[in-house]
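Below, each chain spelled out in residue letters.
Protein chains: 4
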Amino acid sequence: MDFKKIIKDVFKDVNSIEEQGALASYIPELANVNSKKFGVHISTLSGINFGLGDFQEKFSIQSISKVLSLCLAYQMLSGEVWDRVGVEPSGNPFNSLTQLEKDRGIPRNPFINAGALVIADILLSNLDDPKKDLLNFIRSLSGNQDVNYSTSISSSEKSIGYRNVALCNFIKCFGNIENEPDKVLDFYFDLCSIELSCKDLSALFLFLANNGKTMHDNRQILLPSKTKRINALMQTCGFYDESGEFAFKVGLPGKSGVGGGIIAIHPGQYAIAVWSPQLNPKGNSYKGMKFLEGFTTLSELSIF
Amino acid sequence: MDFKKIIKDVFKDVNSIEEQGALASYIPELANVNSKKFGVHISTLSGINFGLGDFQEKFSIQSISKVLSLCLAYQMLSGEVWDRVGVEPSGNPFNSLTQLEKDRGIPRNPFINAGALVIADILLSNLDDPKKDLLNFIRSLSGNQDVNYSTSISSSEKSIGYRNVALCNFIKCFGNIENEPDKVLDFYFDLCSIELSCKDLSALFLFLANNGKTMHDNRQILLPSKTKRINALMQTCGFYDESGEFAFKVGLPGKSGVGGGIIAIHPGQYAIAVWSPQLNPKGNSYKGMKFLEGFTTLSELSIF
Amino acid sequence: MDFKKIIKDVFKDVNSIEEQGALASYIPELANVNSKKFGVHISTLSGINFGLGDFQEKFSIQSISKVLSLCLAYQMLSGEVWDRVGVEPSGNPFNSLTQLEKDRGIPRNPFINAGALVIADILLSNLDDPKKDLLNFIRSLSGNQDVNYSTSISSSEKSIGYRNVALCNFIKCFGNIENEPDKVLDFYFDLCSIELSCKDLSALFLFLANNGKTMHDNRQILLPSKTKRINALMQTCGFYDESGEFAFKVGLPGKSGVGGGIIAIHPGQYAIAVWSPQLNPKGNSYKGMKFLEGFTTLSELSIF
Amino acid sequence: MDFKKIIKDVFKDVNSIEEQGALASYIPELANVNSKKFGVHISTLSGINFGLGDFQEKFSIQSISKVLSLCLAYQMLSGEVWDRVGVEPSGNPFNSLTQLEKDRGIPRNPFINAGALVIADILLSNLDDPKKDLLNFIRSLSGNQDVNYSTSISSSEKSIGYRNVALCNFIKCFGNIENEPDKVLDFYFDLCSIELSCKDLSALFLFLANNGKTMHDNRQILLPSKTKRINALMQTCGFYDESGEFAFKVGLPGKSGVGGGIIAIHPGQYAIAVWSPQLNPKGNSYKGMKFLEGFTTLSELSIF
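Protein chains in written order, with numbering that gives the first Met the number 0: chain D, 0 to 303; chain R, 0 to 303; chain P, 0 to 303; chain B, 0 to 303.
Chain D extracted, bound-state conformation:
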């Protein structure tokens, strides 16, 4: 399989299509990003590392970090995690409170905001220095020490994140948040503020294609059975209310963020990251989705 050629071809195609979608506008830091940015990077188990476009430029990974915080919580607590958060697609926009009301404070899955808040709460209760420990965990995944929170992003979100404040307090009133909502929200906004490039991302997520083992130092981050479950969750719940569409068109487990990034995993093969900041109406990168659809179609590789 000539990944490089396929990536080049699809990149060129998608790059030439008309700009569509809109930048995430709810905080200035995301609205001010250059909307023409477009980058892609693949890391394969066979050792290929290849990128095109703006693949070395850092961007706000936003919800993509929810996979990483979940991996850390799952590593520490195993199945207990699922007592407090479900594994079902939500069938609702990513920040819906309706579902939460019906399910008495148990979020449908760990990738909607409500679920990620519960995971943040779990980490707060189980880590000595949550902010630092999470960063160390992420750095250890690919040996990349250049991973950091963005203070400007997180403080910007903190100042206007009323909906997340609502979510967190709502879950708290059902008893499914242990710590004070303000502390949970602080940590949550921090973890959403992490900035990485496509190159960083694909290297960092490669362990999920490798049965849970890192490539650079061969450590078992998650057991194979747990790794499969994380991938399954990304498949069914990784794209807000568009998860079915992504499975349908792309056919890979993955996770998107409102910063315009997407990570996708082909178990046993590779991790691939795309970034293009303009979002479709469901909040996923317009070009990112297009690129990955083209990529799995041309490579005739998907898990299905």
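Keep in mind the hints are simulated off the structure, nothing from the lab.
List time: in silico DSS-like cross-link candidates among lysine-lysine, alpha-carbon distance up to 25 angstroms:
1. B:Lys101 <-> D:Lys101
2. R:Lys3 <-> R:Lys35
3. R:Lys182 <-> P:Lys182
4. D:Lys157 <-> B:Lys157
5. D:Lys101 <-> R:Lys101
Small disclaimer: the values here were computed from a predicted structure and weren't measured.
Chain D is fixed; fit chains R, P and B onto it per the hints.
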């Protein structure tokens, strides 16, 4: 991979666990089935055909037939199908009208009852003799001529299927049913009444593991790209409100029916059918789910 | 209180305002009505009978008849009625299935379609000749023999009433309809098809302003305590999703129909009927609401 | 009408019925109240003032204060209030977020918590010293200077009021709260903490039975037309998800609080207050509802 040994081991384990769950009770024909029945059958691309327990006994496949009617509609109409039915998990019980109300008559996916009614309507509008043509299509998939509707099942459902009558008329009032609801319902109840054994089922669904091509006569039923999409749909939407759980625990695309049957596909490898009539609270076979979870765990094979 | 003068003044004012709203369009018989029609008629306990405009022309009273069928059921069964239908405002459009799903087939109140279907079912189970008996009941209220069903209206509704078919079958599947849905729907469509003039209506509903006693022959149709409850129900539930607005602006118990008619009751004083076929977005007569608001403002009479 | 005798009879009857319901438990201050407390007081326009039982003991009026804050906002802003909050019954429990999500941050009415938060926000934006000004307004209604906030109640609510924090932030994210949520919540918790006796309450609310004019100093607090509207709102929305039931059984506009108090108004006649802390499942005083039902039945006086 010694599929036979793994199947034997898991079958023995699951067979010995306490009976749990309840028979589908809404029509006498399903409630009267012997609840101890338990069968499994695998058909692999490598030519293995192996079954245990009651794998040769026919049972009512119910919603499993929704995959087959969808395949026929998709073969005939291609992408047009998705103008009338979505590809997203519903996040709601399988017969919910709430979602339908919000989405103005567009069912979330073709595997909830609402979606299957729309697919039935599409077939009615596009086939000369829908009942006969669908049967011929199904028979052609594995060359098995012994596939039939069950009049007792379908007439039983027709006499008490008030909720489906409600669903169909509700969709009609939004304009997403072309034919008269009574005709659509008749055809729908017929297609749910098909009876097959585990052995029949795994043979019949094997083309979905084979890039859309039949094994017995090498015909391309669906293009590979369409086949992948059917598999993706089964992954995200095949188990009502438990699709995430099935992806999470079993890690294969599949489809269940309230008759207690489950079909699962490992693309490029095999199709496997299980039958045990007692259902868990979400309407999926209790032992069937257990068996498949054990099977993919021991075989260390899943798509993730 | 010079009712006649106030009615004349408000009638003139409202008649001069620009046409707004739209005719009920779902059946041709309603869509073809002359949209400029406007009539009003009052009947007081003190013996005043006064009308203006098209007050002698019959129109389709539609949902207004739901009050009459309820009165008959309540007369026959007393409190048992409330085991099968609630007394709470729905907070949802008049034909919503969502609420019904949540409440397991118990409609929120007898004036939404779902509730009126249950009342129709009750009458079917308790009357010898439901269609004839209901007509006789209505005729007896004011001694007016000229009350009839409209075959053209009812057969028109029967041919396209998919949403009501959905509603009725949905309630049936929860067990809250005793008879076959087709029979219930038939009777329901008949009772919605009754045609009356404003003059007929105010005479007929006057017993609800008179503690449940008819004026023309002094018979106690409903006990005073039951009459108060019917009025209370009209106050809180009589105007679909606009009942609060009507209470707020008009301040009288009442009931509207999509034919553009409204009946309002001032207990101890009068019954007043208005008709103007153009409906506001919530399905109530645009001019009818305006007229009644003006009338209670100028007369400084409301129950509050 | 011998109000005193009727009150005595009904009070005796209701006092003798078995205790039912449960104390509001979410804050200790309410859970620790003596559940046997039972008091009633009437104030009529004809000058009768009569109480029985614990009618002179102060209790936490909780949501009853929402009528008072609304009156002040309506007095100041008139119709503008209704741009930000609806006048329709909610058809949902008193603290639902679902409705709010659907209606984009516009609460259904000013008596659900969401609506009262918006009214609190309006007062914050329009008063110089909101806490003091509101207290002065309430004191002026009956000339009673002994009206105060309870610091223990409000600080108790502030410490655990997660659901209200959620509600307020949720409305804020739709733009329908102008001030910072923390400030709005502070003021809201204060106004819910007011403590009054039945005697205080009936005197204070008597102006709503008197066309908006106080009895003690003859000042027009609200215009008659506005007063009618406040009464209409209490009728359709005053009892959470049980407003229809209250209209149906009692037939008077009124408002309840989770402290177990109820105020009811008979326009043109009287205001009556009841207090009994045990609540029915819908959050309204069990004995209070019983008493008022008996009272309007025996007095044969209701607005219907």
